[in-house]
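> Line order of the protein sequences matches chains A and B.
Heads up, the first sequence is in the working numbering, so the first residue is 12 and it goes up one at a time.
Heads up, the second sequence is in the working numbering, so the first residue is 36 and it goes up one at a time.
Don't read these hints as lab results, they were simulated from the structure.
Do not rely on the hints blindly, as some may be mistaken.
[To be verified] Below are the DSS-like pairs computed for lysine-lysine, each with C-alpha atoms no more than 25 angstroms apart in a straight line: (1) B:K216 / A:K85; (2) B:K216 / A:K52; (3) A:K52 / B:K154; (4) A:K52 / B:K74.
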Amino acid sequence: MKEMLPLTEAFYYILIVLYTEPSHGYGIMQETEKKSGGRVKIGAGTLYTALNTLLGKGLIDHYPVPEGTDQRRKMYAITENGKQVVEAEVTRLEELLQVGRQALTQMKG
Amino acid sequence: MDDKLIKRRRLIMSWNYEKEEQWLNDLSREGLHFKKAGKFSSSFFARDESVRYTYRLDYQTGQARGSAKFQEYVDLYQGAGWEYVSSYGSLWHYFRREWQPGEEPQLYTDRESLIQFYKRLQRVMGIMLLANLVLMLTNMINLRSFFTDRLWAVGVPLIVLYLCLFAVLGYGLWRMQKKVKGLKL
Chain A
12 MKEMLPLTEA
22 FYYILIVLYT
32 EPSHGYGIMQ
42 ETEKKSGGRV
52 KIGAGTLYTA
62 LNTLLGKGLI
72 DHYPVPEGTD
82 QRRKMYAITE
92 NGKQVVEAEV
102 TRLEELLQVG
112 RQALTQMKG
Chain B
36 MDDKLIKRRR
46 LIMSWNYEKE
56 EQWLNDLSRE
66 GLHFKKAGKF
76 SSSFFARDES
86 VRYTYRLDYQ
96 TGQARGSAKF
106 QEYVDLYQGA
116 GWEYVSSYGS
126 LWHYFRREWQ
136 PGEEPQLYTD
146 RESLIQFYKR
156 LQRVMGIMLL
166 ANLVLMLTNM
176 INLRSFFTDR
186 LWAVGVPLIV
196 LYLCLFAVLG
206 YGLWRMQKKV
216 KGLKL
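One chain only, chain A, in its complex shape (with noise of 0.2 angstroms):
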């Protein structure tokens, strides 16, 4: 599990996404550039590229598509793996920023 840290950015927000609830690839998107304020879009291909990489390592799975719905939209939901890798490197975030903004407040005296 540990070797997939650190998590790219991409994969970083298609986690923190689904950690809160299932969504398909266009939803995943929004969501992403919504919760960084413009900053992150992630593009068709990496996105792509990205589901299927989580989806091989078994940090994300198919979710069933709700009734009524398009069918096409494949949805997806992190994993249990999924929950762990995430949690781990909001724990490694935290202390790489823990240390800069400590070096930065020395520094600044």
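We have chain A already, so just place chain B on it with the hints.
Same frame as chain A, but now just chain B:
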């Protein structure tokens, strides 16, 4: 709108796919919109002055056209606003979306996925190079007589042909390697 398709020819090597995108986008600005990839570097266009598109090329391996995986792939891109236009073989796929001023939509938006994209291209070129090398060697063994009796008529042209092919593939591999290196820190 005129439904007749207009044919244009242009030989573009796969490592220059960005030039092909540029070419398609330039033509679209002039009202010629790419519709279909034909054989032998020909392309078919439809004329319509009322729209303009941004075209992008994608390269995917391991998903034959018509397979469920391919359908899933196209659906995902379409969900993201890309209209599927055509394919060249089962490897190159053409997508487009309506052009918007000030926008340059890309299929690949980070370094990692671009590197993977170039590596997919490289892998296929590498396999072709190896396959042709094996083919050439078996030809040389099986057609030994051509290299002794008809050296100049068959043997030499055959070798030259293979060398050209190797040079092209080798050059393509090298170009992709440069692109990958340029993206790595």
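> Would you mind marking each hint as holding or not holding in the structure?
Evaluation of the provided hints:
Restraint check: the Cα-Cα separation between K216 (chain B) and K85 (chain A) comes to about 34 angstroms, which exceeds 25 angstroms; the hinted pair is violated. Between the alpha carbons of K216 (chain B) and K52 (chain A) the distance comes to roughly 24 angstroms, so the proposed pair stays at or under 25 angstroms and holds. A distance of roughly 23 angstroms separates the Cα atoms of K52 (chain A) and K154 (chain B); the hinted pair therefore holds under the 25 angstroms criterion. For the hint pairing K52 (chain A) with K74 (chain B), the CA-to-CA distance comes to about 35 angstroms; that exceeds 25 angstroms, so the pair is violated.
In summary, the numbered hints that this structure violates are 1, 4.
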